[in-house]
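Peer 1: Chains A and B supply the protein sequences, listed in that same order.
Using our numbering, read the first sequence as starting at 934 and increasing by one per residue.
Using our numbering, read the second sequence as starting at 934 and increasing by one per residue.
Just so you know, these hints were derived from the structure itself, not from any lab.
Note that the structure is a prediction, hence the values are computed from the model and not measured.
Among the clues, some could well be false.
Identical chains blur together in the list; that is why a pair holds if it fits in one copy or across any two.
[Claimed, not checked] Restricting the straight-line Cα-Cα distance to at most 27 Å, the calculated cross-link-like pairs of lysine-lysine (DSSO-like) are:
id, residue 1, residue 2
1, Lys-1298, Lys-1311
2, Lys-1311, Lys-1153
3, Lys-1169, Lys-1309
4, Lys-1169, Lys-1110
Chain by chain, the residues run as shown.
Number of protein chains: 2
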Amino acid sequence: MRFSLLSPSSSHARAGLLTTPHGQVPTPAFMPVGTQAAVKAVTPEDVRNTGATIVLSNTYHLYLRPGIELIQKFGGLHKFMRWNGPILTDSGGFQVFSLGHMRKLTDEGATFRSHIDGSEHRLTPELAVAYQEALGSDIAMVLDHCPAYGESHEQIAAATERTHRWAERCLNAHTRKDQALFAIVQGGWSAELRRQSAQTLAAMGFPGYAIGGVSVGEPKALAYEAVENAEPHLPKDKPRYLMGVGSPEDLVQCIARGIDMFDCALPTRVARNGSLFTRQGRVSIRNAKYRELDGPFDESCDCYSCGAFSAAYLHHLFKSDEILYHRLGTIHNLRFILRLMEESRTAILAGTFDSFARSFLDGYKSTDEETRIAQKGKWVAAREARGLDA
Amino acid sequence: MRFSLLSPSSSHARAGLLTTPHGQVPTPAFMPVGTQAAVKAVTPEDVRNTGATIVLSNTYHLYLRPGIELIQKFGGLHKFMRWNGPILTDSGGFQVFSLGHMRKLTDEGATFRSHIDGSEHRLTPELAVAYQEALGSDIAMVLDHCPAYGESHEQIAAATERTHRWAERCLNAHTRKDQALFAIVQGGWSAELRRQSAQTLAAMGFPGYAIGGVSVGEPKALAYEAVENAEPHLPKDKPRYLMGVGSPEDLVQCIARGIDMFDCALPTRVARNGSLFTRQGRVSIRNAKYRELDGPFDESCDCYSCGAFSAAYLHHLFKSDEILYHRLGTIHNLRFILRLMEESRTAILAGTFDSFARSFLDGYKSTDEETRIAQKGKWVAAREARGLDA
Chain A
934 MRFSLLSPSS SHARAGLLTT PHGQVPTPAF MPVGTQAAVK AVTPEDVRNT
984 GATIVLSNTY HLYLRPGIEL IQKFGGLHKF MRWNGPILTD SGGFQVFSLG
1034 HMRKLTDEGA TFRSHIDGSE HRLTPELAVA YQEALGSDIA MVLDHCPAYG
1084 ESHEQIAAAT ERTHRWAERC LNAHTRKDQA LFAIVQGGWS AELRRQSAQT
1134 LAAMGFPGYA IGGVSVGEPK ALAYEAVENA EPHLPKDKPR YLMGVGSPED
1184 LVQCIARGID MFDCALPTRV ARNGSLFTRQ GRVSIRNAKY RELDGPFDES
1234 CDCYSCGAFS AAYLHHLFKS DEILYHRLGT IHNLRFILRL MEESRTAILA
1284 GTFDSFARSF LDGYKSTDEE TRIAQKGKWV AAREARGLDA
Chain B
934 MRFSLLSPSS SHARAGLLTT PHGQVPTPAF MPVGTQAAVK AVTPEDVRNT
984 GATIVLSNTY HLYLRPGIEL IQKFGGLHKF MRWNGPILTD SGGFQVFSLG
1034 HMRKLTDEGA TFRSHIDGSE HRLTPELAVA YQEALGSDIA MVLDHCPAYG
1084 ESHEQIAAAT ERTHRWAERC LNAHTRKDQA LFAIVQGGWS AELRRQSAQT
1134 LAAMGFPGYA IGGVSVGEPK ALAYEAVENA EPHLPKDKPR YLMGVGSPED
1184 LVQCIARGID MFDCALPTRV ARNGSLFTRQ GRVSIRNAKY RELDGPFDES
1234 CDCYSCGAFS AAYLHHLFKS DEILYHRLGT IHNLRFILRL MEESRTAILA
1284 GTFDSFARSF LDGYKSTDEE TRIAQKGKWV AAREARGLDA
């Protein structure tokens, strides 16, 4: 993997180019989430047509179903899911930690029960690396210890130190030269821990760095601070990936703070629930104003769905529980996000990102904090009830 | 609408060409079902790519949601659903009769309650025609009285006579010159009633004739007999459409009995439940043998899904409840059926249909009668519970 920065030094926002064995990724980049080796409701072709160049998949889910061995036998994840572009896999850590009472944790690793059938499994830093090498992703992630929102400073400090020990073990275990292994910075809401974590991991010499431990239910301001606390201590010439972040406003805010890569299930998840992005904010396709709108949902959108169908038709499909809506809504939201990334990149390269970001954020009405946290809570609950599907 | 027969007179099976304001339909033709102005899980483009040239949509559902007026305001159903090929609409009669205790029936028409919100509505022969004229379908159907399976000879006779009176009223009410109105033959399981019904309606001079009242839970043999009892009394030069029939074996059996057009939700419905067609019969994609099959689900299939993905991937998507499976399974089953129609037509034109049909039926293991009727019963129950979705 190679990474080259193209941006003018005048801005904090960066434009770069990541070169992987399966192709190039212009940055800033958004990775659609294909938890179970599929981006929900769309084909690889659909994903490509939204402008995405790299997708994310989840080691935890693939390990349980269809199994790492099966995917390896098929020649790896790219071949199995028929996505021939770059893939980043997470380590499974985040999902295992989300299992709550269903897992036990020691410094050696985690023991957990499958959310599908309750069977017992182990995950260690070495296994996380081995699984991802078998999957053959272009970018693998270290196993980290991601504290839950609300843990004490001591707990966070301990998790952060464990994350560093595990990062080193992952680095030692990693053998695949055609796969890049990214570290994950932890440190919670402490500037000091974030700095220490970034510096400790930077000293180990990873080809890329993620900022983890955000998007766990905290107020947005805390997430931005976590980025600000870690970012200055990461090597300038390596890609920085903010995990689990992906609302339009957060993407712009964090590109402005020097982040190169993002992933998030939010755009596809809210699409399925009827929430579609516009430059003015998220709106519900259920809204009565779309009932008779004989034009595209979003005049300014160049996605397949807005090009091919009227807002009234999308409204009808959603109200009628037609499965087709899921695909069309997903395509719209992904295209919205990917286009936002493309426009951000163009602005960075033109040296106009600050005004682009200001203008975008002025026009975009964010979902208010209270609603956002309530929705996230509902989602986490539903997710737990269903067994962790993103 | 024009219909021309191309088949050699040596066979009972017919090949023809139906010309409508929205394009041509080579017959025998299968019409995918787009109940709510959408073929479930697929786009018009997907439908076209399976080889379909005409789709069916349901007046009853469209009347309730989004409403006939709205579709009319949008310039008709073709524009609303973005399907620019021919469309056949049913009259809403079958759905209203299926409502059971939720409807009252007189010779004037039916009064029924919406399966969505319980609101009360009326349907008469004149309204059924007016609604379909407003939808702008290429082929409209008369309102008929379709008896339930198990009704007495007297009940069936009365329903058949009412069907004839209503057919005449529909014919008188029909004004759109760019829309063909098809009659529907009833008569249940009586050869005499079927003959009478076919002759009575034929005398009225419709541009096309459907055989209704089958596929209501009866043994297959009865449905074939109903076709045999009606068909000889229908005009040779007009298209014959067998309503609600669409399993592979029934299509071949009824093409052999002189039917030109079919519709059925079965191929798309069973696809979503995991049942996929092969030349050997219907099989479940859940089957363990697909878990590790690194080749297409069906080697001989030329559909998008078989071309793009492995059987193991489809198996994985289905087991993992991934929405994408619905689209891929639907595309496969539709393509299977459309290809069967294409091959039947080729065989008819080559004068080899009898041997083609024999060879197909020899190789194709039908779902046994008991399972079939049990499944149909379950489906009807589920459908009633959900409110009639096909």
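Peer 1: None of the hints should be skipped; say for each whether it holds.
Peer 2: Verification of the supplied hints:
no. : hint                   : in the structure
1   : Lys-1298 with Lys-1311 : within (21 Å within a copy, 47 Å between copies)
2   : Lys-1311 with Lys-1153 : within (18 Å within a copy, 49 Å between copies)
3   : Lys-1169 with Lys-1309 : neither (33 Å within a copy, 64 Å between copies)
4   : Lys-1169 with Lys-1110 : within (22 Å within a copy, 72 Å between copies)
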